[in-house]
Amino acid sequence: MFDLSPDEWVAVRLSLRIAVAATLAVLPFGIAVAWLLARKDFWGKSLLDGIVHLPLVLPPVVTGYLLLLWFGRRGPVGSFFEDYFGIVFSFRWTGAALACGVMGFPLFVRAARLSFEAIDRKLEDAASTLGADRARTFLTITLPLALPGIIAGMVLCFAKALGEFGATITFVSNIPGETQTISAAIYTFLQVPGGEGAAGRLVVVAIIIALAALVASEWLARRAGTRFHGE
Amino acid sequence: MLSVDAKKRFGDFALAVRFEAKSGITALFGPSGVGKTTLVNMIAGLVTPDRGRILLDDTVLFDSAAGVNLPAHRRRVGYVFQEGRLFPHMTVARNLDYGRRMSKLSADAAEADRVIDLLDIRPLLGRRPGKLSGGERQRIAVGRALLMRPRLLLLDEPLASLDARRKSEILPYLERLRDEAGVPMVYVSHDADEVRRLATSIVWLKDGRVKAVCGVEFLDAIRAIGT
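Just so you know, the sequences run in chain order A and B. Quick note on numbering: our numbering labels position 95 of the first sequence as 95, and the sequence is numbered without any gaps. Quick note on numbering: our numbering labels position 19 of the second sequence as 1019, and the sequence is numbered without any gaps.
You may find that some hints are simply not true.
Claimed, not checked - Now the in silico label distances, taken between C-beta atoms and shown as ranges:
no., chain 1, residue 1, chain 2, residue 2, range
1, A, G50, B, G1024, 53 to 63 Å
2, A, L48, B, C1214, 25 to 35 Å
3, A, A210, B, S1168, 50 to 60 Å
4, A, L48, B, R1223, 31 to 41 Å
5, B, V1060, A, R74, 52 to 62 Å
6, A, F42, B, E1020, 34 to 44 Å
7, A, G50, B, S1168, 54 to 64 Å
8, A, F42, B, A1224, 51 to 61 Å
In case anyone wonders, no lab produced these hints; they're calculated from the structure. Glycine included, each C-beta is placed from N, C-alpha and C at the ideal position.
Make a model of the complete structure from these sequences and hints.
In structure tokens form, the structure reads like this:
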């Protein structure tokens, strides 16, 4: 096979860490927004829908720049996070995870929203006649039935986070060991003479991770499917 | 005893009913579209009446004048829906146990055994609802509603989606239920044969109103007048 150099390993591990953190951070907010959009009518719903989808249609560089303005150390949100939670985003791996999460958010919400919309709400009525209050109905009926869509959304978000380039490099730059993901590392290696070997090895790693994520999601979706239709 | 006095208006359809139901099976009898399902949904707490008062024994389930509207999950009213509505992601056993868990009742294995034997569903316990027949599903739906120990059981055309053979397969279970379970039941139907076989009294609904409350012996008279 091939051996990755320590620098290349660092980029791979960092990419995985960023993608996992971004996906996990998206999960609770994404479920809440998907549920709101699927189930509730409220003032400003189309505005929320538009904002959620914005990263999908904006040039990633624009998203990255907006993140820099708001979540940078001097930005209104960024300084709040630093003062109250001690979390710094700018030029840190946390910022890369934030950028990846923002870019993956609409993909997650679209998949999860569809599966919330597909649930037969009569089942929730049935649960309430059996003594389940709204929170327990959500946890025991709605959420498990939406699981296939939530899994699909997580895989999409994870894949987006792994491949994200434009917003990340604009927001947190390209610092080896801190914000240099696989994509950024491949780009960097291709800029220097003799870097093709390293870039090629990282390309293979990227393909392996993407395929593994696809296979895992297929397996999870099939498991969720047999749970509903099996004996 | 269940006492209902409720009004509800949807567009140009108005439902205004008043009746009382004692022990045994009270049939809500009338043609489709007369508001029978809306009426049981109001008793269950799934639909809110515009005005009125619904009492179950000494508990006020709904009283528009006093501003009381007990949410469905606190009414302890069992409901068997026309289409069963079993939870597809749970085994039959989990479905049966759901009401007990959500209502935070203590486990009672003897009672569970009694209901499972009454409905003859023991061989199905480990299976999922997806591949069960319509008749099996409805028996499980009845068991699920019974095992939450309801104070009242609502059955909304539980046999409507079944063919004649499956109907005759389930009717004996419902008769046993009436004679053994001791839970008052409200049974919605537009099928005279079902009503004749099961009901202890009839609430005859027509044009959104109660036309008569009477014994089953008047069923033929009602049909002669025309439902």
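Hint numbers contradicted by this structure:
Violated hints: 2, 4; rest satisfied.
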